[in-house]
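K.L.:
Spelled out from the first residue to the last, the chains are:
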Amino acid sequence: MNLVIGALVFWGAAWWVNLRIANGRGRDTRAARLAVPVLFGLTLLVLWEGLVRGLNVPGVILPPPSAIATRFAASLPILWVDFVQTFVKGALSGYVIGCGAAVATAIIIDRSPFLQRGLLPVGNFIAALPVIGIAPILVMWFGFDWQSKAAVVVVMVFFPMLVNTVQGLAASTAMQRDLMQTYSANYWQTLLKLRLPAAMPFVFNGLKISTTLALIGAIVAEFFGSPIKGMGFRISTEVGRLSLDMVWAEIAVAALAGSAFYGLVAAIEKGVTFWHPSQRG
Amino acid sequence: MNRILPVLTVVVALIVLWYLGAVAMNAQWTRDQAARAGQELSFTGIVADTLSQDRPKLPAPHQVAAELWQTTVQKSITSKRSLVYHGWVTLSATLLGFAIGTGAGILLAVGIVHNRAMDMSVMPWAIASQTIPILAIAPMIIVVLNSIGIQGVLPKAIISAYLSFFPVVVGMVKGLRSPDAMQLDLLKTYGASGGETFRKLRLPSSMPYLFTSLKVGIAASLVGAIVGELPTGAVRGLGARLLSGSYYGQTVQIWAALIAAAALAAALVGVVGLIQRATLKRMGMER
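Note that the protein sequences, when read in sequence, are chains A and B.
1 is the number of the first residue of the first sequence in UniProt numbering; add one for each residue after it.
1 is the number of the first residue of the second sequence in UniProt numbering; add one for each residue after it.
By construction, these hints were calculated from the structure, which means they are not laboratory data.
One thing to keep in mind: the hints can contain errors.
As a list, the in silico DSS-like pairs of lysine-lysine whose alpha-carbon atoms are at most 27 Å apart [to be verified]: (1) B:LYS75 <-> B:LYS57; (2) A:LYS229 <-> B:LYS57; (3) B:LYS215 <-> A:LYS208; (4) B:LYS188 <-> B:LYS200; (5) A:LYS229 <-> A:LYS89; (6) B:LYS188 <-> B:LYS174; (7) A:LYS208 <-> A:LYS270; (8) A:LYS89 <-> B:LYS57; (9) B:LYS174 <-> A:LYS208; (10) B:LYS281 <-> B:LYS200; (11) B:LYS57 <-> B:LYS80; (12) B:LYS174 <-> A:LYS270; (13) B:LYS215 <-> B:LYS200; (14) B:LYS281 <-> B:LYS215; (15) A:LYS89 <-> A:LYS208.
Model the full assembly from the supplied sequences, consistent with the hints where possible.
P.N.:
Here it is, written out as structure tokens:
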């Protein structure tokens with residue numbers, strides 16, 4: 001019972017501190033912007049730990065964060081093997097192939113307005129569908145190993161990426177294209193020096209959406225069959241054995257990998273599109 | 001008119017590619033069968049056989065269409081083999097989850113806009129949560145809720161709600177913040193209270209943002225409901241059809257379930273789009 005009361009007291013105290021920071025004088029400083037969400041996240045963890053331990057919630061329903069952390073530290077080798085199998089082999093290779101193919105396709109259909117008018121609505125339509133359902137088919141075609149996961153990821157990221165890139169290639173203004181014409185630039189020069197750079201904010205938007213899709217695709221595809229390693233495989237089998245601390249550790253890896261991947265792409269975007277108003281701040 | 005022709009061309013090209021793919025991928029099986037039987041096959045024989053196998057690697061479009069016709073129109077709706085029945089199971093979970101997720105998302109967004117501490121503490125997490133594969137926790141939610149005796153539509157709805165929740169929060173916060181300082185000042189000169197400002201300015205101007213995120217949210221809800229049906233071991237729903245099809249190598253069944261799911265997604269997004277157009281038209285915000 002003490003634990004529950006302690007957790008609630010901590011919650012109240014953290015809430016009070018956050019209110020003070022958020023309404024205080026230094027609320028727009030960098031430190032305040034970082035401190036408030038961190039404190040909030042910490043509060044959630046303390047509440048979780050206190051309530052689960054204090055109310056004796058069984059570990060097969062919700063393990064406390066400390067147990068998850070212990071399990072995480074104890075099974076680093078397994079987590080690493082799963083991470084390599086799902087993220088590096090499945091998600092990352094599929095991401096590179098899918099995004100590369102989509103950009104190449106966008107550049108090809110960009111030369112034909114007819115194809116653009118036909119492919120864009122179809123691409124938009126497919127991008128809204130539950131593409132993940134194609135996973136069992138691709139697992140059947142490409143086998144249980146990472147190739148089928150990469151194929152699922154390729155299909156998932158292709159259409160969002162295609163739609164964004166086509167939009168991006170149309171982003172340069174008529175004035176800018178006229179300028180290139182007066183320089184007597186040919187198609188490839190215009191493409192490389194004006195239109196591709198101008199398309200970058202759109203391309204990176206697609207790349208950022210695709211990071212999450214890639215990870216989801218690789219994990220869910222493993223529910224349909226995989227070798228005895230991989231994050232999706234581990235999640236579905238450990239759930240079956242009711243060792244939920246391992247499942248949560250695996251989810252923590254997925255969350256870390258997902259946000260790190262997104263952060264990396266966002267950082268590259270910052271470097272490439274430094275000229276765009278949204279990046280100049 | 002000048003949009004229909006290109007779209008039709010692309011669709012027809014896709015179907016032609018699909019047929020070619022079906023012939024190419026199924027030819028190996030046909031040749032093996034013929035070799036075992038000691039027969040010589042002509043080209044037309046191969047083509048005819050590849051398009052009518054029982055368990056093809058890639059079923060031809062007309063086989064999928066026939067399966068769809070059989071399992072929707074020719075089966076009674078209550079039958080376990082009817083796609084309408086399975087589609088309804090998935091749809092009910094999707095809609096329930098979507099309603100929960102959207103309601104909670106709008107409430108949280110209102111809280112975030114009116115409370116600075118809440119904004120600073122919750123908003124970064126709401127944005128960060130969009131970069132992590134939330135779907136990975138679906139099996140755990142299903143199994144854990146099952147172990148404490150909650151079964152049926154609710155666990156799937158929770159996953160759906162969870163997936164549609166964050167897009168709605170982010171979009172709604174953006175929308176509620178979209179009135180500019182000039183408009184807020186105007187309401188201040190009218191002596192409007194906080195509640196009136198919310199009702200007459202913030203809420204109406206958030207509608208376009210809300211509908212954009214509703215479209216994302218309902219598509220995500222459907223994916224959540226489908227994936228939520230996987231870990232229970234293929235009992236009911238479109239996700240279960242996918243899984244049992246993949247267990248027993250019934251490729252035609254998988255494709256039929258996939259097309260049904262796609263049609264469902266398109267219909268749901270289309271309905272939200274229609275409501276959006278009607279609402280914005282009545283509000284005079286149509287673009």
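K.L.:
Hint by hint, note whether the structure agrees.
P.N.:
Taking the hints in turn, this is what the structure says about them:
1. B:LYS75 <-> B:LYS57: Status holds; Cα separation ~26 Å.
2. A:LYS229 <-> B:LYS57: 26 Å, holds
3. B:LYS215 <-> A:LYS208: 19 Å, holds
4. B:LYS188 <-> B:LYS200: Roughly 12 Å separates the two Cα atoms, so the pair holds.
5. A:LYS229 <-> A:LYS89: Answer holds: A:LYS229 to A:LYS89 is near 12 Å, not above 27 Å.
6. B:LYS188 <-> B:LYS174: 21 Å, holds
7. A:LYS208 <-> A:LYS270: 12 Å, holds
8. A:LYS89 <-> B:LYS57: 25 Å, holds
9. B:LYS174 <-> A:LYS208: 19 Å, holds
10. B:LYS281 <-> B:LYS200: Since the Cα atoms of B:LYS281 and B:LYS200 sit roughly 17 Å apart, the hinted pair holds (cutoff 27 Å).
11. B:LYS57 <-> B:LYS80: 25 Å, holds
12. B:LYS174 <-> A:LYS270: Given that 27 Å is the threshold and the Cα spacing comes to 22 Å, the pair holds.
13. B:LYS215 <-> B:LYS200: The given pair, whose Cα atoms are some 24 Å apart, holds under the 27 Å limit.
14. B:LYS281 <-> B:LYS215: Given that 27 Å is the threshold and the Cα spacing comes to 18 Å, the pair holds.
15. A:LYS89 <-> A:LYS208: 19 Å, holds
In summary, this structure violates none of the numbered hints.
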